[in-house]
Amino acid sequence: MIELKDVSKSFTLHNQGSAVIPVMEGASLKVAPGECVALTGASGAGKSTLMRVIYGNYLAASGQVLVGGLDVAKAEPREILALRRETLGYVSQFLRVVPRVPTLEVVAEPLLAVGCEKQAALDKAAELLKRLNIPERLWTLSPTTFSGGEQQRVNIARGFAHEYPAMLLDEPTASLDAQNRETVLSLIKEAKERGAAIVGIFHDVDARERVCDREVNVSEFTPGVAA
Amino acid sequence: MTPLLQVKGIEKRYGARIGCTDVGFDLYRGEVMGIVGESGSGKSTLLNCLAGHLEPDAGQVVFDTRADGPVDTVTMSEPERRMLSRTDWAFVHQHARDGLRMSVSAGGNIGERLMAVGDRHYGDIRDKAIDWLGRVEIEAARVDDRPTAFSGGMQQRLQIARNLVTGPRLVFMDEPTGGLDVSVQARLLDLLRGLVREMGLSAIIVTHDLAVVRLLADRLMVMKDGHVVEAGLTDQVLDDPQHAYTQLLVSSVLQV
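If you read the protein sequences in the order shown, they are chains A and B.
Quick note on the numbering used here: the first sequence kicks off at 1 and runs consecutively.
Quick note on the numbering used here: the second sequence kicks off at 1001 and runs consecutively.
So that you can see chain A by itself, here it is in the shape it has in the complex (with noise of 0.2 Å):
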């Protein structure tokens, strides 16, 4: 499902003195339906790069970067945004929403996207919501305002709602209680039990030995280190 060939990645500063930073090489990587995998290596080590490169977010220098067959490292943008909207899930760290639009909605909106009807799609999204533990006097309100923990839910929450055939997981677990990171967990197995393929990023060792099949040290890809 997601397959990475031999794939580099440097930044050029062109003004900072046009400096030009390798931060990837050699990358492979493959990930089958149903399996999950975790990347490893130390804080830099190029993991978020990784998995930005996945996402295209980032342009890959060179190599082959397969998600369901399309070759992300050299799509158009128009192909991308299709594979964004119906394969590929992405549940960052960050929330990135429209101000003023309510929290129901905004992880309803994936759902949406893929011309799911309104009310079923708001009833998904309300189901996720409750499971995740945010009260639902929150759920009309935008969730620019919410805590952090509770804006990772809400994230976690729309990252889910689409059942997407493969996903990016980074830190997932991070900044949750107990009760809402065992939440998170069966939301993974019940991915990976419907044949998504994931990568993920997991700092929590406990966790990342329950849902990950495998581990991907990324170092092994940091240029200047292996040599």
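Accuracy of the hints is not assured; some may be wrong.
Stated by the list, open to error - On the chain A side, residues computed to face chain B include the following (Cβ under 7 Å):
hint: 1; residue: ASN57
hint: 2; residue: TYR58
hint: 3; residue: ARG78
hint: 4; residue: ILE80
In short, the hints are calculated from the structure, not lab data.
The C-beta atom is built at its ideal place from N, Cα and C for all residues, glycine as well.
Place chain B on chain A using the hints.
Leaving out everything else, chain B in the frame of chain A:
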């Protein structure tokens, strides 16, 4: 799938100076494209060339019309282009005053565009006008007031209602949130996002506000000195800019 709009090699010169040059892209149904750049970068010139307000010196703007399929709007006859700009196209000006008739009531502003496409029944027109006032969050009681009595944000929303009432497929927007205070901006962004999704609109938005494009646009084009220096997915261009100018632009945004 045929693109809704195919732009090829657009160039506009003001004497020896370049307005914009060698601009080309395809826009598909439901896509929102942002054009950013500093003032004088040619973004408004480009938008006016695309919308038929300025005649480009070279290039094609091919629009997929409902009746005849793809047609080059640059070489189209003036009456045909006017018809297009009243039906399938809409243009939202930065200053609502440029897009509204200030001496005509709010309802009249909306109704005028309906009459231009052949609606004649007064009751129907008034009902539609009131419906659209509601959609842009203006009270129905204000239908007979003139836009001169409206605040800037309300005028801008009225302009949007006037433009969208005929169900266009492509909307051109020139700094739609410019000059509005931030709370009104947020409301307008929310409104535009909803309308784009519900109506399956395609839009081209010119702005210098990177936060606006991040929330509204799927794709982004960055212009400098009349040239497109970078284009791609909005979040990719903003988070991993490749061109020196885009890097400068992104790193110059003040953090709130």
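Hints and how they fare:
The interface hint given for ASN57(A) holds, since its Cβ lies 5 Å from the closest Cβ of chain B, which is under the 7 Å cut-off. At a threshold of 7 Å, the smallest CB-CB gap from TYR58(A) to chain B is about 4 Å, leaving the interface hint in force. Because the smallest distance between the Cβ of ARG78(A) and any Cβ of chain B comes to about 5 Å, under 7 Å, the interface hint for this residue holds. Hint status for ILE80(A) relative to chain B: holds, with the closest Cβ pair at about 6 Å, below 7 Å.
Of the numbered hints listed earlier, not one is contradicted by the structure.
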